[in-house]
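There are 2 protein chains.
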Amino acid sequence: MKAVILAGGSGTRLWPRSRLSRPKQLLDIVAKNTMLQETINRIQPLISQRDIFVVTNSAYADIAAVQLPAVPRGNIIVEPEGHGTAPCIGLAALYIKRIDFDDVVAVLSADHLIAKAAAFRQALVAAEEVARQGYLVVLGMRPSSPQTGYGYIGRGDLLGSYNGHQVFKVAQFSEKPDRETAERYLRSGSYFWNGGIFIWRNDVILEEIAKHLPDLHRQLLGLEPSLGTEKWEPTLKRIWKGVADETIDFGVMERTDRAAVIPVDVGWSDVGDWATLADLLPADRENNVVVGHHVGYDTTGCLVYGPPQRLIATIGLRDTIIVDAGDAILICPRERAQDVKILVNKLKQEKKLRYL
Amino acid sequence: MKAVILAGGSGTRLWPRSRLSRPKQLLDIVAKNTMLQETINRIQPLISQRDIFVVTNSAYADIAAVQLPAVPRGNIIVEPEGHGTAPCIGLAALYIKRIDFDDVVAVLSADHLIAKAAAFRQALVAAEEVARQGYLVVLGMRPSSPQTGYGYIGRGDLLGSYNGHQVFKVAQFSEKPDRETAERYLRSGSYFWNGGIFIWRNDVILEEIAKHLPDLHRQLLGLEPSLGTEKWEPTLKRIWKGVADETIDFGVMERTDRAAVIPVDVGWSDVGDWATLADLLPADRENNVVVGHHVGYDTTGCLVYGPPQRLIATIGLRDTIIVDAGDAILICPRERAQDVKILVNKLKQEKKLRYL
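In the order they appear, the protein sequences are chains A and B.
Reminder that position 267 of the first sequence reads as 266 in numbering that gives the first Met the number 0, one-by-one numbering, no gaps.
Reminder that position 219 of the second sequence reads as 218 in numbering that gives the first Met the number 0, one-by-one numbering, no gaps.
The hints are simulated quantities; they were obtained by calculation from the structure and are not laboratory data.
Take the hints with a grain of salt, since some may be wrong.
What the hints assert, rightly or not - According to the in silico footprint, chain B covers these stretches of chain A (three or more CB under 8 Å from chain B):
id: 1; stretch: 312-322
id: 2; stretch: 325-331
id: 3; stretch: 345-351
Just so you know, even glycine gets a beta-carbon here, dropped at the ideal spot from N, CA and C.
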């Protein structure tokens, strides 16, 4: 089995730790290792590091290579610019086609957390079997709360049981639901979070791209002859300019009739914002999550995240996020964690580039 | 006229800027100069710098001397330890007695703000005249709001008019009132904030200390022979250990029948905590007071106080105080500004000495 790691994200909602020059996936946000390193570590020994492909952009390629010394430098694929997950996955498929045209590929995000690594590998083994038969497999994360920030997958007919996992046809992909719908999904037991983890045969995904995204497929074929030659970079640069933005979910998964879902419980989180991170980390007796040095008086439900040598002192705070990244500090209510994106845009507009 | 500047305070409620090693009065909290320097500047040219005496403790004496190059080093009086304002004022009175036993002395705090310096000097000129006649004069700050954090002075009979100021006998000193009482005081027009600014003849205050604080007076007499000799320091150290804690307000002013009050409107503030400071400084369009570098989204009524090179970003905050002092950051609601003192005590208890 091969792995394709999508590592080109910008992680703006974890500003000010996640920065343009070093985003979330290249940082030790949750564990001692970076999220990219953790992503690779948790699929060991299932997938050899020689079979791991990392798709990122030119700004992050060198840092990724340093963080992953056992991944061959030639497996770090550089996109000239991002156009969503579909072109990204297509590009990696070209690389893999040359080596092992019909091997199974697991597509993973470099900036997600999966707390139960052993259970996750078990699920991948099951998914590999299903994928060998030509299915486009997606892992369905069993929901623990009525999240409105995730896409959902509704299960259809049972396909069978593999490596202890039930596998279903996908009945429906649905975009981020409203609260009421999310609650109905949760109660039904038939809907799962779409964590963006896909397992398929490399030849199958290329066929499906050909069928549902013919323009992209043509562009990939145009690229193919120059792969591995000195013409690669200029050709990629030229063709990539013409590639349309598209996600694999919308472009392929919602259109194909070969989608299968494996419901899993692997402790998945996209660590999408500071509030999500606060939910993941253990809280102290006052229900505060502290990374760094905090002295609080009448303070509860807060995330206090800073370097160990700086004291963050709080009085009378409730459910507040405080993140000290050295040159910049963020303070916002926990329920406003999503708005960090707006703030980062404001910094962009105000040309405060050193803080991006 | 002479001046005695009380400069031994610790200013803990302005933590984390005000620190044990460099408290409020030695910092440029409000203006470009330090509060101590501003205190001296605003009485120029009324009182020559050679006639200014600064009472502080050994930890602050050298910094005070550096900040006040025109004040003779011998006029910086070092208390071995603080025992409240009464002993402090008595000590300065000993120094002045040697030079000019019955000159008028203005007692000022080194860590208060007086926005209207010219009006203040006018009031001092009036107070000097009244003091020459043997009164213990206190300036009464005309209240602009029903503050419950200050002591009040109730005026009695009119004594006369001096340099454009009405002067009254003091009818009553009253401690920090409750809200209802403070509102009644404000409406009456007969009550004034006690800003701790006193003007009296040096011989008169010593007489009053003898009358109302006989123990302290005996201790001061015990000190007198060694003043100016090499025995001064060991004698002071020995005697000062036995001195009881006492304020001049409670120990003398509330007991004497020679107290007079001059109501003034000089823009006085004790800059007692961060909320008070926020009230004093100009706010921007979003009603935030910013000293340093702030980017806010949906943020109003906040004080953002930090060094210029660090960005403080806020989302969805209301009436919050944020103070970044480099090695320590404070975040608290504006209405909890007084509780900074509790937090500093907590730091003391937890032996986090480097942050005190």
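Hints, one by one, checked against the model:
1. Only residues whose C-beta sits within less than 8 Å of a C-beta in chain B count toward coverage, and the stretch 312-322 of chain A has 7 of them, enough to reach three; the restraint holds.
2. For the stretch 325-331 of chain A, the stated coverage by chain B holds: 6 residues have a C-beta nearer than 8 Å to a C-beta of that chain, and at least 3 were required.
3. For the stretch 345-351 of chain A, the proposed coverage by chain B is satisfied: 4 residues have a C-beta within less than 8 Å of a C-beta in that chain, meeting the threshold of three.
The structure agrees with every numbered hint stated previously.
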